[in-house]
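Can you build the whole structure from these sequences, using the hints too?
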Amino acid sequence: LGSATVLIGDPSGRSTERKQSLSNDDIVSNTENIERLIRLIFQNHEKYFWKEQQKKLMPLTVVNNLSFYENMNTITFVSTYGPHFRMNQLLSRKV
Numbered sequence: 001l002g003s004a005t006v007l008i009g010d011p012s013g014r015s016t017e018r019k020q021s022l023s024n025d026d027i028v029s030n031t032e033n034i035e036r037l038i039r040l041i042f043q044n045h046e047k048y049f050w051k052e053q054q055k056k057l058m059p060l061t062v063v064n065n066l067s068f069y070e071n072m073n074t075i076t077f078v079s080t081y082g083p084h085f086r087m088n089q090l091l092s093r094k095v
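Just so you know, we're using the UniProt record's numbering here: the sequence shown kicks off at 1 and counts up by one.
To be clear, the hints were calculated from the coordinates, so they are not data collected in a lab.
This one's a predicted model, so the numbers in the text were calculated from it and none came from an experiment.
Derived Cβ-Cβ restraints for the label pairs, each shown as a range:
1) I41 to A4: 21 to 29 Å
2) G9 to I75: 19 to 27 Å
3) I41 to S21: 25 to 33 Å
4) L91 to F49: 44 to 52 Å
5) Q89 to K56: 40 to 48 Å
6) M87 to R36: 34 to 42 Å
7) G2 to K55: 30 to 38 Å
8) K47 to S79: 41 to 49 Å
9) I75 to S23: 26 to 34 Å
10) V78 to G2: 13 to 21 Å
Idealized CB from N, CA, C, for every residue including glycine.
Quick look at the structure:
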């Protein structure tokens with residue numbers, strides 16, 4: 001799940017910066033609801049479509065990207081991920 005992505009915004013395909021419009025409570029609520037729905041889809045798949053009852057499905061693991069970004073400092077983030085971005089493109093965005 002992408003709670004960290006929601007907090008910073010996803011600029012894919014945009015020439016202007018996206019405004020932060022959701023509160024932290026909304027982000028948490030949306031993330032919990034999306035996780036609940038993903039788990040429900042997998043439960044329904046197992047219940048209605050999985051034919052090999054003697055063979056159990058692997059347990060579902062849902063990961064929120066906030067868990068591995070929230071404690072990362074700015075220097076570590078930029079030095080790790082900065083080389084994968086075109087800084088000129090990021091700096092030229094209109095606010």
